Amino acid sequence: MEIEVDLLTKEQAKAELQRLVPALAAADIAYHQKDSPEISDAEYDALKRRYLAIEARFPDLKHEDSPSQKVGAPVASGFSKVKHAVAMMSLGNAFDDEDVFEFDDRIRKFLNIPAGKSLSYTAEPKIDGLSLSLRYESGRLVQAATRGDGETGENVTENALTVRDIPKEISGAPEVLEVRGEVYMSHDDFAQLNVDQLANEDKLFANPRNAAAGSLRQLDSGITKTRALHFFAYAWGELSAPLATTQAAAIDHLTEFGFSTNPLTKTCVNTGELLEHFRDIEAKRALLGYDIDGVVYKVNDLGLQERLGYRTNTPRWAIAHKFPAEMASTVIEDIEIQVGRTGALSPVARLKPVTVGGVVVSNATLHNEDYIAGRDSNGQPIREGRDIRIGDWVTVYRAGDVIPKVKDVDISRRAKDSKPYEFPKKCPECGSDAIREEGEAVSRCTGGLICPAQAVEKLKHFVSRTAFNIEGLGAKQVETFYADGWVQEPADIFTLPVRYGDGSLQQLKNREGWGAKSAEKLFSAIKERQNIPLNRLIFGLGIRHVGESSAMTLARHYGSWPNFSSAMENARDHSGADWDALNAIDGVGAVMAAALVDYFHQEQTRAALDRLVQHLRIETVRPPSVEGSKVVGKTIVFTGTLEKVTRAEAKAKAESLGAKVSGSVSAKTDIVVAGPGAGSKRKKAEELGVEVLSEDEWISLIA
DNA sequence: GAGCCTCGAGTTCC
DNA sequence: CTCGAGGCTC
7 MEIEVDLLTK EQAKAELQRL VPALAAADIA YHQKDSPEIS DAEYDALKRR
57 YLAIEARFPD LKHEDSPSQK VGAPVASGFS KVKHAVAMMS LGNAFDDEDV
107 FEFDDRIRKF LNIPAGKSLS YTAEPKIDGL SLSLRYESGR LVQAATRGDG
157 ETGENVTENA LTVRDIPKEI SGAPEVLEVR GEVYMSHDDF AQLNVDQLAN
207 EDKLFANPRN AAAGSLRQLD SGITKTRALH FFAYAWGELS APLATTQAAA
257 IDHLTEFGFS TNPLTKTCVN TGELLEHFRD IEAKRALLGY DIDGVVYKVN
307 DLGLQERLGY RTNTPRWAIA HKFPAEMAST VIEDIEIQVG RTGALSPVAR
357 LKPVTVGGVV VSNATLHNED YIAGRDSNGQ PIREGRDIRI GDWVTVYRAG
407 DVIPKVKDVD ISRRAKDSKP YEFPKKCPEC GSDAIREEGE AVSRCTGGLI
457 CPAQAVEKLK HFVSRTAFNI EGLGAKQVET FYADGWVQEP ADIFTLPVRY
507 GDGSLQQLKN REGWGAKSAE KLFSAIKERQ NIPLNRLIFG LGIRHVGESS
557 AMTLARHYGS WPNFSSAMEN ARDHSGADWD ALNAIDGVGA VMAAALVDYF
607 HQEQTRAALD RLVQHLRIET VRPPSVEGSK VVGKTIVFTG TLEKVTRAEA
657 KAKAESLGAK VSGSVSAKTD IVVAGPGAGS KRKKAEELGV EVLSEDEWIS
707 LIA
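The working numbering numbers the first residue of the first sequence as 7 and each following residue consecutively.
Fair warning: there could be bad hints in the mix.
Each pair of labels, with its calculated beta carbon distance range [to be verified]:
(1) ASP340 / ALA289: 40 to 48 Å
(2) GLY228 / GLU108: 47 to 55 Å
(3) GLY295 / ALA205: 40 to 48 Å
(4) GLU649 / ALA481: 23 to 31 Å
(5) GLU428 / ARG291: 38 to 46 Å
(6) GLY364 / LYS533: 40 to 48 Å
(7) GLU279 / ASP340: 43 to 51 Å
(8) GLU207 / ALA481: 56 to 64 Å
(9) GLU390 / GLU108: 23 to 31 Å
(10) GLY364 / GLU649: 24 to 32 Å
Listed below are the simulated DSSO-like cross-link pairs for lysine-lysine, each with C-alpha atoms no more than 30 Å apart in a straight line [as the list claims (entries may be wrong)]:
(11) LYS411 / LYS431
(12) LYS523 / LYS115
(13) LYS231 / LYS89
(14) LYS687 / LYS636
(15) LYS328 / LYS413
(16) LYS533 / LYS482
(17) LYS123 / LYS89
(18) LYS482 / LYS431
(19) LYS174 / LYS123
(20) LYS123 / LYS328
(21) LYS690 / LYS650
(22) LYS209 / LYS358
(23) LYS482 / LYS290
(24) LYS640 / LYS650
(25) LYS527 / LYS89
(26) LYS482 / LYS466
(27) LYS358 / LYS431
(28) LYS358 / LYS422
(29) LYS533 / LYS523
(30) LYS115 / LYS640
FYI, nobody ran anything at the bench for these hints, they're computed from the structure. Keep in mind the model is a prediction, meaning the values are calculated, not measured. Virtual Cβ for every residue (Gly too), placed ideally from N, Cα, C.
Construct the complete structure from the given sequences, taking the supplied hints into account.
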């Protein structure tokens, strides 16, 4: 008899994983390579489910060749997936000097460093290539992974081994060292490559970055080897021992290990020096021989970096100062309206194709009605109030070097008979009224699920990578399946194999792009996702105002589906204990609470939900298991003046240890941390018998 | 009630 | 990546 996963001790879990990994591997080989399964699908599924459940509960026991790392993928992308031990984050951006000053101010505020006191940074060119994480164990390169979405990348080890700048072995480094940097191609090598491509009648690369990315992601590492790729190291991920105490010294160590590091890396003692170095690099830009798109600034002291920590997607201690974007002129040929999953009507400009920053751009977002009219949401003029019309000549650029945007309109070239663009009052997809609520910027189609555009977009969201992530069922497939009447709502996805059985396999096979293999894969992917973590389910429903992050908050708070759904039902009148509890969750306000509760209460959405959940086994979610933390789940109130750290820092730290930080003392408060000057809150805490700690006591508690 | 910060939703191109 | 809106802090 198996023990419930939830009741396993860590030792038991470890032993069981050791048993499950080879069993699953053997079954995999038997199934895929010998084509003769040795265990039934049901048995295999049960093993795998148990494996994943154990792994989910004890993430640090994750086995190197865990089956969870092999789910789907290999055939679709050709590369296996790699979960980064330390996430590869993106950077915040600065577009002008003012943004750089604000960056410095923010950091000083957070760390409580007065303006007079020196705070040094490193500054280095931001290479326009693709980031790569190299893992060294005992000095040997064991794995190279692309950034991917930051959490999970692709395993490109074979290809990385062919890049000359990447050492295969290093000495003097910590036992485990993940080196991060940028793979890029020089202008000369890029030009030569395109000459060769032309000679071989292969397609040309648009720019060096695409060429580098294309070269590194070759399935045949023999091809990668012929491409002149280079690598600059500038950061690190997992480390078994610290490299240094400052960013600059750590980079020096990377150089000593044998990595190329950028020669224009400089330590600056203030923002003035940062900007000076920025202009210096900008002046040298054209002579470097490789593409850069800005300069990266990082707080030099690694201890301070650690204190600053991370926001959801970016570190607080670094920023990318971008060069001004390249501009181009073109004509707006048409303005079309797209309908999103929430019914939002978004205008998109169809442009006469034009090259901007090495890429041909033919569409640009126009955001909303006001943006076209030349106003921002406060009615303030943008583009000096010039509106955008079909037929206008406009300047476009790629915001952050990615998203095309319309910068300005050339009124002098406007046709005499041109008329202002009239924003539609009806949904172009279903003809329902489009309503713009008072005080809102977007118009929304009122058709709900009657509107095919909304229905399809909701389905796309449901299957998307961050929601149900059903391999083999992407946006394209959802569109055809919807058009064919196969899938109208999420529940239909799970009845697909049942309703059509082998017949649907036959139908799928007859479709273009579908073979027996991919059809089987799709059905097994669907089956696999009948086990779904609560947070992914909540997010996948696509309830307005409930995104990935809020879904996680809710899942952690309620833990299980029965808990969550009954609370939503009980709160249906927007009152009562469950309603109050919902509103009391940190990050949930009245708007989100109403959206959630109404979703469960409204007949249509509720019925679709009931149809869906009967196919699912919803996995419980627990708050982050913060090993050794003594404050998990505790509610902390900080009051008075904190002397060692700032308020923001204390809050971030407490939350990272699984505590909830609140502003006022109540019976639910567990600990009040009181600095000098604490008054009424301290008194109230004492009255309520809540534990009161000094700042020093708090620090030793969490040490 | 204003002002910050974070998140959600929508978007492009390879 | 950007903008707008929601949530929280001051």
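Going down the list of hints, with the structure as the test:
1. ASP340 / ALA289: 40 to 48 Å: This hint holds: roughly 41 Å between Cβ atoms.
2. GLY228 / GLU108: 47 to 55 Å: holds, 49 Å
3. GLY295 / ALA205: 40 to 48 Å: Taking Cβ atoms as reference, GLY295 and ALA205 lie about 23 Å apart, which means the hint is violated.
4. GLU649 / ALA481: 23 to 31 Å: violated, 53 Å
5. GLU428 / ARG291: 38 to 46 Å: Between GLU428 and ARG291, where Cβ atoms are some 44 Å apart, the hint holds.
6. GLY364 / LYS533: 40 to 48 Å: For LYS533 against GLY364, whose Cβ atoms are near 43 Å apart, the range 40 to 48 Å holds.
7. GLU279 / ASP340: 43 to 51 Å: Given about 49 Å between the Cβ atoms, the range holds.
8. GLU207 / ALA481: 56 to 64 Å: violated, 32 Å
9. GLU390 / GLU108: 23 to 31 Å: Once the Cβ atoms are compared, 25 Å apart, the range 23 to 31 Å for GLU108 and GLU390 holds.
10. GLY364 / GLU649: 24 to 32 Å: Since GLY364 and GLU649 have Cβ atoms about 52 Å apart, the given range 24 to 32 Å is violated.
11. LYS411 / LYS431: holds, 24 Å
12. LYS523 / LYS115: Given that 30 Å is the threshold and the Cα spacing comes to 57 Å, the pair is violated.
13. LYS231 / LYS89: OK: LYS231 and LYS89 at ~25 Å, within 30 Å.
14. LYS687 / LYS636: holds, 23 Å
15. LYS328 / LYS413: holds, 17 Å
16. LYS533 / LYS482: It holds: about 20 Å lies between the C-alpha atoms, which stays within 30 Å.
17. LYS123 / LYS89: Status violated; Cα separation ~40 Å.
18. LYS482 / LYS431: holds, 29 Å
19. LYS174 / LYS123: Distance of about 43 Å is beyond 30 Å: violated.
20. LYS123 / LYS328: holds, 27 Å
21. LYS690 / LYS650: holds, 24 Å
22. LYS209 / LYS358: Holds, at about 23 Å.
23. LYS482 / LYS290: Between LYS482 and LYS290 the Cα gap is close to 45 Å, so the pair fails against 30 Å, i.e. violated.
24. LYS640 / LYS650: holds, 21 Å
25. LYS527 / LYS89: holds, 22 Å
26. LYS482 / LYS466: holds, 9 Å
27. LYS358 / LYS431: holds, 27 Å
28. LYS358 / LYS422: holds, 20 Å
29. LYS533 / LYS523: holds, 15 Å
30. LYS115 / LYS640: holds, 26 Å
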